[in-house]
Amino acid sequence: GAVVSQHPSRVICKSGTSVKIECRSLDFQATTMFWYRQFPKKSLMLMATSNEGSKATYEQGVEKDKFLINHASLTLSTLTVTSAHPEDSSFYICSTLLGADNEQFFGPGTRLTVL
Amino acid sequence: GENVEQHPSTLSVQEGDSAVIKCTYSDSASNYFPWYKQELGKRPQLIIDIRSNVGEKKDQRIAVTLNKTAKHFSLHITETQPEDSAVYFCAASYSSASKIIFGSGTRLSIRP
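Taken in sequence, the protein lines are chains G and D.
According to this note's numbering, the first sequence is numbered sequentially starting from 1.
According to this note's numbering, the second sequence is numbered sequentially starting from 116.
All the given hints hold, so there is nothing to weed out.
Output of the computed footprint for chain D on chain G, the stretches with three or more beta carbons under 8 Å from beta carbons of chain D:
1) 44-57
2) 106-113
No farther apart than 30 Å at their CA atoms in a straight line, the calculated lysine-lysine pairs in the DSBU-like style are these:
3) G/K42 with D/K173
4) D/K186 with G/K41
5) D/K157 with G/K66
6) G/K42 with D/K172
7) G/K20 with D/K214
8) D/K152 with G/K42
9) D/K186 with D/K172
10) G/K55 with G/K20
It is worth saying that the hints were derived from the structure and are not from the lab.
Please read all numbers here as calculations on a predicted model, not as lab measurements.
Backbone N, C-alpha and C define an ideal beta-carbon position, used for all residues, glycine too.
Turn these sequences into a full structure, and let the hints guide you.
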């Protein structure tokens with residue numbers, strides 16, 4: 001069964017609004033979560049590493065003030081796209097580590113469309 | 116930072132034939148190399164991975180080889196079936212617990 005969930009699965013919003021995406025680990029604690037963005041027919045690009053109880057580590061070129069990440073509990077990390085614009089339209093996917101081998105499990109993704 | 120290159124970008128093979136996807140990486144410190152399969156609109160699914168202490172790993176019809184000296188690794192799918200059609204991504208990481216850098220992806224199509 002799924003070990004990581006995301007909500008919402010799909011969201012359409014107007015330009016200028018903010019959108020919050022939730023990533024939850026199911027039945028286990030996740031001190032580290034990763035956020036990726038995937039444009040159509042493109043690869044997954046790591047945006048940031050989310051660490052429970054501390055600030056997220058952002059990849060080069062990712063605006064931390066635009067993509068706010070909060071990891072306040074061991075089962076929940078949120079990504080907020082602030083003042084969204086059409087170019088932010090993408091598939092956002094989170095992942096977390098599970099098991100002795102620290103295998104990364106991906107959430108089902110959230111498709112964001114900004115009009 | 117790590118950079119992963121993948122080719123081909125698209126691959127079409129006859130059902131029953133083999134498919135090979137190749138990747139190279141830049142950072143010699145990387146030692147974990149997973150491969151993911153992604154169907155349209157779905158999450159990536161880990162299909163096989165290899166660590167730097169081995170040169171080859173096999174799981175039924177899927178095998179992966181790693182050449183650390185040359186910094187390249189490959190995915191081999193034998194006896195391809197229609198359900199193998201998907202986008203495949205290679206990736207590299209310092210460890211399975213570290214951030215993963217993905218290749219650009221290969222769209223594999225299996226012709227009936």
